[in-house]
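J.: Protein chains in written order, with my numbering: chain W, 1 to 151; chain B, 152 to 368; chain V, 369 to 444; chain P, 445 to 524; chain Z, 525 to 608; chain G, 609 to 889; chain Y, 890 to 1088.
Everything labelled a hint here was simulated from the structure, so no lab data went into it.
Using C-beta positions, here's what the derived DEER-type ranges look like:
| id | chain 1 | residue 1 | chain 2 | residue 2 | range |
| --- | --- | --- | --- | --- | --- |
| 1 | Z | ARG541 | W | SER55 | 35 to 43 Å |
| 2 | G | ALA834 | W | GLY23 | 39 to 47 Å |
| 3 | G | ARG752 | B | GLY307 | 20 to 28 Å |
| 4 | G | LYS655 | P | ALA522 | 56 to 64 Å |
| 5 | V | ILE372 | B | LEU313 | 41 to 49 Å |
| 6 | Y | ARG974 | W | PRO37 | 49 to 57 Å |
| 7 | G | TRP886 | W | SER55 | 54 to 62 Å |
| 8 | W | GLU77 | Y | THR916 | 49 to 57 Å |
Partner residues are not named here, just some residues of chain P that face chain W (Cβ under 7 Å, in silico):
| id | residue |
| --- | --- |
| 9 | GLY494 |
| 10 | ALA496 |
| 11 | LEU497 |
Note that the coordinates shown come from a computational prediction; the quantities given were computed from them, not determined experimentally. Glycine is no exception: its CB is placed at the ideal position from the N, C-alpha and C atoms.
Next come the chains, spelled out residue by residue.
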Amino acid sequence: MLIISRISRVLSNFQHLVALFAGACVIVSLIGIFSLPLAFEENQLYPKTLDPASSLYPYDRGGVPFGPTEIVAQYPENSPYAGYVTTYLTPLSQYLADHTHYLGTTIVAHPGGIIDEILYNTRGLDTVVETSILFTAFAIASYLYRRREEE
Amino acid sequence: MPDIGGSDLFVLAFGDILHYFNPYTATLFLLALLFTGLVIASRPERQLDIAFGGDAYYAKMTTVSEMRFRRFMAIACGLASMGAMASGDIFNFTLFVSLVGITNVGIVSAVRIRHVLNAAYEYGIVAMVATLPLFGGAALILGTTGTLSIQALAAGGFAVPLVGKALLALGVIGEGMAPFYAAKAEMFRAPGAPYVIMCSLSSLLIFLRVVEIVITI
Amino acid sequence: MNLILQAAFGLIALAGAVSAALIRDSYGKLISLGILVGGVMPFIVDRGYLDVAIAVSLIAPIATIFVLMVVRRAEV
Amino acid sequence: MIEPTLILGLLILVIGVLSVAFVRPKTYIARLINLEIPAWGLLLIMLTYGEALALLTFIAVTAIGTFVIVRLMEWRDASC
Amino acid sequence: MIAPYVVAAVAVFAVARALIERNTGRKLPYINVMSFAVAGALVMLLDHPLSLIAAAAYFVGSTLESNAIASTYAGEKDGGGGRG
Amino acid sequence: MIEYLVFAAVFGLLLLGIHRKVIARIQIRPGPPIWQEILHALKFSFKSTWVPKTASSALFVAVVLVGIGIWSAALFVVLAGESILILFAIYMLHKIVEHGYGLSSGSPYGKFGGVRSVISAASEIPLFVTIAAIYLFTGSLILRDITAYQDIHGPLLLIAPPVALAMYIVILSKMPYGPFSIVESKELVSGYKTEHFGAWRAGLAVTDGLKTFVLLYAFVAIFIGAVPFWAALIIMTAVLISLSFVCAVTPMLSPFDSVTVQGIITGLMLIYAGCLWWVMS
Amino acid sequence: MIPVYSLGLLGAFASAGIAFYALMRETDGLHRLLLTDLVEVVTLAFIALLGTDLAEALILPGLVVGVSELIALSEIFRIKEGYTRPPADTLQIEVMNTAPPILAALLVIYGIILSGFSGGAVAGLGVIFYFLSRDPGERFELIETASGYSWVLWIIAFFIFMVFPQHWFFAVMLAGSAILVKVMAKMSLIGTMRGDPDA
Chain W
1 MLIISRISRV
11 LSNFQHLVAL
21 FAGACVIVSL
31 IGIFSLPLAF
41 EENQLYPKTL
51 DPASSLYPYD
61 RGGVPFGPTE
71 IVAQYPENSP
81 YAGYVTTYLT
91 PLSQYLADHT
101 HYLGTTIVAH
111 PGGIIDEILY
121 NTRGLDTVVE
131 TSILFTAFAI
141 ASYLYRRREE
151 E
Chain B
152 MPDIGGSDLF
162 VLAFGDILHY
172 FNPYTATLFL
182 LALLFTGLVI
192 ASRPERQLDI
202 AFGGDAYYAK
212 MTTVSEMRFR
222 RFMAIACGLA
232 SMGAMASGDI
242 FNFTLFVSLV
252 GITNVGIVSA
262 VRIRHVLNAA
272 YEYGIVAMVA
282 TLPLFGGAAL
292 ILGTTGTLSI
302 QALAAGGFAV
312 PLVGKALLAL
322 GVIGEGMAPF
332 YAAKAEMFRA
342 PGAPYVIMCS
352 LSSLLIFLRV
362 VEIVITI
Chain V
369 MNLILQAAFG
379 LIALAGAVSA
389 ALIRDSYGKL
399 ISLGILVGGV
409 MPFIVDRGYL
419 DVAIAVSLIA
429 PIATIFVLMV
439 VRRAEV
Chain P
445 MIEPTLILGL
455 LILVIGVLSV
465 AFVRPKTYIA
475 RLINLEIPAW
485 GLLLIMLTYG
495 EALALLTFIA
505 VTAIGTFVIV
515 RLMEWRDASC
Chain Z
525 MIAPYVVAAV
535 AVFAVARALI
545 ERNTGRKLPY
555 INVMSFAVAG
565 ALVMLLDHPL
575 SLIAAAAYFV
585 GSTLESNAIA
595 STYAGEKDGG
605 GGRG
Chain G
609 MIEYLVFAAV
619 FGLLLLGIHR
629 KVIARIQIRP
639 GPPIWQEILH
649 ALKFSFKSTW
659 VPKTASSALF
669 VAVVLVGIGI
679 WSAALFVVLA
689 GESILILFAI
699 YMLHKIVEHG
709 YGLSSGSPYG
719 KFGGVRSVIS
729 AASEIPLFVT
739 IAAIYLFTGS
749 LILRDITAYQ
759 DIHGPLLLIA
769 PPVALAMYIV
779 ILSKMPYGPF
789 SIVESKELVS
799 GYKTEHFGAW
809 RAGLAVTDGL
819 KTFVLLYAFV
829 AIFIGAVPFW
839 AALIIMTAVL
849 ISLSFVCAVT
859 PMLSPFDSVT
869 VQGIITGLML
879 IYAGCLWWVM
889 S
Chain Y
890 MIPVYSLGLL
900 GAFASAGIAF
910 YALMRETDGL
920 HRLLLTDLVE
930 VVTLAFIALL
940 GTDLAEALIL
950 PGLVVGVSEL
960 IALSEIFRIK
970 EGYTRPPADT
980 LQIEVMNTAP
990 PILAALLVIY
1000 GIILSGFSGG
1010 AVAGLGVIFY
1020 FLSRDPGERF
1030 ELIETASGYS
1040 WVLWIIAFFI
1050 FMVFPQHWFF
1060 AVMLAGSAIL
1070 VKVMAKMSLI
1080 GTMRGDPDA
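Make the full structure from the sequences, and use the hints.
T.: Structure (structure tokens):
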């Protein structure tokens, strides 16, 4: 009975919780190390091929503007225009792509590109939730910050 | 597909992310909806505290701005748990779970009682480091199977590593289940019952959901 | 970039990392961090991500300046 | 053939994590500075897989995160 | 092409020198040498006008950084540990 | 279906009455008559009813309805042979309802009852080990399939006694006057129930009756299998009496000790389920 | 031949173990906050090891989740510890007189060209850096409103993708710019949150 009450004294103090959780995570990390090697599934969603010769490197995924591109989505039938975004270039990014060779990241980050395709179209809900998290966190921070200390 | 929560009732597609309901998740979803409605409808109670050593007691009042903020957080928490109940994609689920975690912290962080704030901070730390098991588990499952869709995984043919499942479950536990519940109990001493209940409900719901996910995949 | 250059810059990056970890003085740590950045940068450029390299080399000193804001106060 | 960048990145990541975990001297600032080391290791890992956009965002966000903690420490210095 | 190797050797040497040096103030010149060498290496790695800009950006950035460190360090020493 | 509900509530209350009676007899007291709980429920239905001034009124009323609602749903899940995962989800959500009872009133006693009910969340965790173990045997969590499995292989009670024991302990921690019923310990007046009176208290009594009935019935259905309804009632009563014995002879644990004991039980169950998984795969 | 993925996982799991071990031994509040930041980095390593386009698309939300939780927690920590006096002076070294406007302008322009998350983060950093050397003033409400509206715009863009996929072009433009404004505004708010609430 003594050991039980000692354990419960530790548990009852919420200061120990982080340690408890971290300990559990250490154990699971060890399990993770012991369960290696894990095979990497080659048949991935949205795989990529790198073409260093392209001016869109490392994001050149082929396709013609305003036409579909082959991208491996989970449920292609749910986004009928999947792949269209990937091939679109705004005038600015078209200009950059024509004139330089090493600005692939900038061009693709500019609206249109494979990441936009995934973030906004096929897996758009992730982005909705993620912006909501940002929104909530800022709501908390700004509420606490602006609350007058009027005790 | 193993039969866990009954057959699918309804599937809602957002691109690659499916939302589906089976009797089990639909029950949980309806409860989340019900309590979110309650949060909107009800006003906080006036909590009475006894001053020990005498017969006196006093009521803790909740200011209007604090009430509004906490109500907003509780509604967001309800919406997040509804999303987590319906989501059919592992990464999307983990994002919803993180949202539940941060709204839970938000609900109590507005309280000015130092003790409650301490508990909220400790819980916040746990909720924040819990993103490692959550996202790490999702990434591990994606890496070893090549898909994130729960329905595709449930259809079989994938060897989901046990450690991936363990990470996922551990992450959800970190966002607020027993025995980490003790920190929440401290948070619960805060006044404002409808909102505080939302904390407890949401973490229970995500835990119930992750049990289904872990058994299904 | 051939193996010799990779080894050289990799060595610089590693030396920066190890010394940043071991040095006890805050300024020394920041300087070692600069060495680490100097070792990493050729790898980025070698891949052909020039835009990323430009952005990273502008952002890295900003992070250092942020840290300097507290270093100055603490090192009494 | 394993990319040398990946090896280097993993090495720096582990060194960085060790240096943050067992920081010497144990001050907030030392830990804050050491936090940058694993970040650069992770950057090299991202570089290996050509995740340039993620890399760029990561460096920017790390700087912002540093600022958040710096700001907290400034308030702390002002109040104590 | 021998130039990149020379530059890399200079960079390694500067780093080694900087790490051996105990005094923080005297480390900074070696860091400047290193950043100059690295900037040179950046130019030589890719033969393109844009890499010149990248090298310039890196050099400007690292100079800014070491200047900031140097002036904060100097300010602290002059101010005797006060508020700079 | 309404007749099932009424029957279940009344029979559940009767079981609770028997529970009190048995405990009293073991402790050599006369004890209340066994229909005392039913009478209580009826009496409270006709008492005057209002909402305390400090309470959060909507929540105060709604939790009573939610409590009745979820346990009615649970009853139908059990009777229709649906997924036991739903049943256990409802069982865990009962915690939220208890918490709602306690916190909505603003009374300090109610609050302590509610907080304690949150602390004792560990009592539900063995359930999931139970579920996992059952799943390993039957490959399904639909009650119909589990019953069908038992028709072929015999009752699960004999196949996997530790699993049955885990669920037994879970039910035990929900029984009043037991070692784990820290939410109802006497220093909290009536725990989370303190401020609910009149018709609300009657509603609470109905919830308790339904809960007892559903849990015991589910225990019979999951671990013994398909039996005639009257036989199920008899077995339920027998299980309840054994529970009463345990309650009567054990002292109540202090809140955190109770959590720790339940946690240790969970850990043991987890090890058991792990071994089971190891053997079966 | 060692499989690359397993090697990477070994590094990631080892880092996770070390980081959590340190967190287990740590009791001080601020040190714990710093360690959670470390944990975020390790989290991203897990995702980065996938090496697909999807991995990249998952890193971006992961990053933003990490930094937003850090912001919320740091503010809770400040209130909890009762640090109520705002910091007075800014960094007084000569580079701060010239560098911030130029660097900030460069970063903001580049961020606007990038658009999306990455652009928001880069531009937000630029704005923070600018606010460092200037008095933030009373722009809080305005920035917050802008970010709220841009959030709504992004939701609209999302539904255009789902309901009217033929208008994908409009949606991608809307989404890219809305996220840019949203993330940038939020990040720049941290810059204004340094001083007195009523400054």
